[in-house]
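Work out the full structure: start from the sequences and follow the hints.
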Amino acid sequence: MGKSIQAIHTFDYKVLTQEKEGSVKLWSVRKSSYEVEKETTCGIGFCKSILINEALIVPQENSCVDVLQVTDLTKIKQLNPGRENLGQVMALQKVTIGNSCCVMAAYETGDVVLWDLNTFQPCGHIKLQEHLTSLTFDPYTKRAVCGAASNMLQVFTIDSSYQMALKAEVSITNEGCNIVKLRPDGKVLVSGGWDGRLRVFSWRTLRILAVLAEHKNTIMDIQYSPHPVNYWKSNIMAACGGDGVISLWNLYN
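If you're matching positions, the sequence shown starts at 1 in the UniProt record's numbering and goes up one per residue.
Hints in this document: simulated from the structure, not taken from any laboratory.
Treat the hints with care, since some could be wrong.
[To be verified] Just the calculated beta-carbon pair ranges, DEER-fashion: (1) Asp159 to Glu35: 43 to 49 Å; (2) Glu175 to Ser4: 31 to 37 Å; (3) Glu130 to Ser32: 44 to 50 Å; (4) Trp194 to Asn80: 29 to 35 Å; (5) Gly244 to Asn174: 17 to 23 Å; (6) Ala213 to Asn80: 41 to 47 Å; (7) Asn85 to Asn250: 40 to 46 Å; (8) Asn250 to Asn217: 34 to 40 Å; (9) His227 to Lys75: 30 to 36 Å; (10) Thr10 to Glu169: 32 to 38 Å.
Using N, Cα and C, we set each Cβ at its ideal position, and we do this for glycine too.
Have a look at this one:
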């Protein structure tokens, strides 16, 4: 299905793939095989596309973000940050503020830009540390977290008027955080480091609860099961690393 696949999304009987070198493909499932229906391009790099309703959000060149129709990959709109010299888009995140659905992008320069998907215009901005790598957002507390190449996680808020403010900084032992992911129930925040460690924090207090050392290489992604898994009778967390290992965890349920 491609090389160095960054992200995979599914809807109906279709599959969307995004490759590191910039190919975005729409696949149809036909019996036991996959066929490419449509193909387009996005920005080259490590930023993963996200799916919001009927739209695929992808990083693009010149610090822009494209909104594509999932059914045929046609461009609905290009989101322009309205700022220069931001570098590459490093991470994308869906944000819900009131009745508005927004998309947030983190950049190499440490800038974080928020767009309202109703108007496709930028509506919020904050400047954080350089070399951001990841984003996660809590729609209930309106708090977000950024990971970066440093040993610092930064927590900021977004209010109803889209004002963004830095609220806290959390240090970790070693530099480099590839992924931050808030569990859907809002109880724990987990970061995945370049050192292969999964660090589990209380989302309420930001106090570290555990350091998981199963992986021997960089943590590449973290996902949570949307429903309880029968074997454990609870929701679980999955993490994958550059060591080729996928680990499953039943944490603080």
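- Task: Given the hint of 30 to 36 Å, check if His227 and Lys75 actually sit that far apart at their C-beta atoms.
- Result: 34 Å, holds
- Per the hint of 43 to 49 Å, is the separation of the Cβ atoms of Asp159 and Glu35 within bounds? Between Asp159 and Glu35, where Cβ atoms are some 46 Å apart, the hint holds.
- If you check the beta carbons of Ala213 and Asn80, does the distance land in 41 to 47 Å? Hint holds: Cβ distance 43 Å, inside 41 to 47 Å.
- Taking 31 to 37 Å as the hint, is the beta-carbon distance of Glu175 and Ser4 inside that range? The hint (31 to 37 Å, Cβ to Cβ) is violated, given that Glu175 and Ser4 are roughly 24 Å apart.
- In this structure, is the beta-carbon distance linking Asn250 and Asn217 contained in 34 to 40 Å? 23 Å, violated
- Task: Given the hint of 32 to 38 Å, check if Thr10 and Glu169 actually sit that far apart at their C-beta atoms.
- Result: Holds, since Thr10 and Glu169 (Cβ atoms, about 37 Å apart) stay within the stated range.
- Lying within 44 to 50 Å: is that true of the beta-carbon distance Glu130 to Ser32? Since the Cβ atoms of Glu130 and Ser32 sit about 47 Å apart, the hinted range of 44 to 50 Å holds.
- Query: CB of Asn85 to CB of Asn250, is that within 40 to 46 Å?
  - Reply: 45 Å, holds
- Message: Please check whether Gly244 and Asn174 have a Cβ separation lying inside 17 to 23 Å.
- Response: Since Gly244 and Asn174 have Cβ atoms about 21 Å apart, the given range 17 to 23 Å holds.
- Taking 29 to 35 Å as the hint, is the beta-carbon distance of Trp194 and Asn80 inside that range? 32 Å, holds
The structure does not agree with the numbered hints 2, 8 stated previously, though it agrees with the rest.
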